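Chains as they are written, first to last, in our numbering: chain A, 507 to 674; chain B, 342 to 431.
FYI, nobody ran anything at the bench for these hints, they're computed from the structure. The model shown is predicted, which means the values in this text are computed figures rather than measured ones. Note that CB positions come from ideal geometry on N, CA and C, so glycine has one too. There may be inaccurate statements among the hints.
To be verified - Footprint (simulated), chain A over chain B, 3 or more residues, beta carbon under 8 angstroms:
#	stretch
1	347–358
2	383–394
Claimed, not checked - Not close to chain B: a few residues of chain A, all C-beta gaps over 10 angstroms, as computed:
#	residue
3	E508
4	D523
5	P565
6	L574
7	R587
8	R602
9	A605
10	D608
11	A654
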Amino acid sequence: MELEYRLLTPGERWPDDAASLAAAIRSQGPFQPVVEMAGPELWAHDAAVGLTSHARLAPYPAQSYESLIAPPGYAPRMTDRDRDTALPFQRAVEIRTSAAPDSDPTTVALFHATVTDGLWWLLGGFLADPYRRTVWGWRRWRGDQPLATHAAETAQHLAAARREGGPA
Amino acid sequence: MSHSNDAPDVLLYTLPYCPDCRDLRRLLTERHVTFTEVDLARTPGAVESMLKINGGRRSAPTVRIGAQVLVDPGAAEVDAVLQTYQTPAR
Chain A
507 MELEYRLLTP
517 GERWPDDAAS
527 LAAAIRSQGP
537 FQPVVEMAGP
547 ELWAHDAAVG
557 LTSHARLAPY
567 PAQSYESLIA
577 PPGYAPRMTD
587 RDRDTALPFQ
597 RAVEIRTSAA
607 PDSDPTTVAL
617 FHATVTDGLW
627 WLLGGFLADP
637 YRRTVWGWRR
647 WRGDQPLATH
657 AAETAQHLAA
667 ARREGGPA
Chain B
342 MSHSNDAPDV
352 LLYTLPYCPD
362 CRDLRRLLTE
372 RHVTFTEVDL
382 ARTPGAVESM
392 LKINGGRRSA
402 PTVRIGAQVL
412 VDPGAAEVDA
422 VLQTYQTPAR
């Protein structure tokens, strides 16, 4: 099982210390991750739950956002302030969380969402969510529902994809 | 509460992309408040120290004005705290 999100961000590099990102993640969920960074790669690993998220910082491909939201693409879900105050994207961050097939999908989805949320909080930008075909702005992501609900919805989509024989 | 009219120590925690942080920075500047700004993404240990003073709320901007800590405050809230430093002590 692998989960992914894509963060389009005005940030150009990782936060300066791994401990700050670990604290940002820890403060929002029931996880105690250790964060490591090496060049464009970043890992957040929680030994207690046996989960690791991997993120990779890459140049922002021009027009990615416009391509994503062009019909019949992803639906933008953001406030006017999210949209009006957004800074130009500089990087795209691919965030993936892999887990054994017998892992609890909701726990994996919550870990994935919580790590992503911590990175996003520090870097800014918009989040492309392939499970709900949505581009989230921060205020709607945090204002509409808690991370646990994001995780539950993602887990439901994964389960449906599995039933239909699609990628999960 | 009233304080002496000494200027308070003001510490502002911000994130580079955060529009509310820009607004609060502008407000403090307009009020001629001298403040120290801490970029949460660029200052080692800053996230932990912010969480420690604001009750664990991971939110930017957070500002400490003297002994008072405000999380994502509006202008009226900031002004009310600043006002306490402009009232001469009795």
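Each hint, compared with the structure:
1. 347–358: holds (count 3)
2. 383–394: holds (count 8)
3. E508: 27 angstroms, holds
4. D523: At about 4 angstroms from chain B, D523 (chain A) fails to clear the 10 angstroms cut-off, so the statement is violated.
5. P565: At about 18 angstroms from chain B, P565 (chain A) clears the 10 angstroms cut-off, so the statement holds.
6. L574: 19 angstroms, holds
7. R587: 7 angstroms, violated
8. R602: Check passes; 22 angstroms lies beyond 10 angstroms.
9. A605: 25 angstroms, holds
10. D608: 32 angstroms, holds
11. A654: 16 angstroms, holds
Hints 4, 7 from the earlier list are contradicted by this structure; the remaining hints agree with it.
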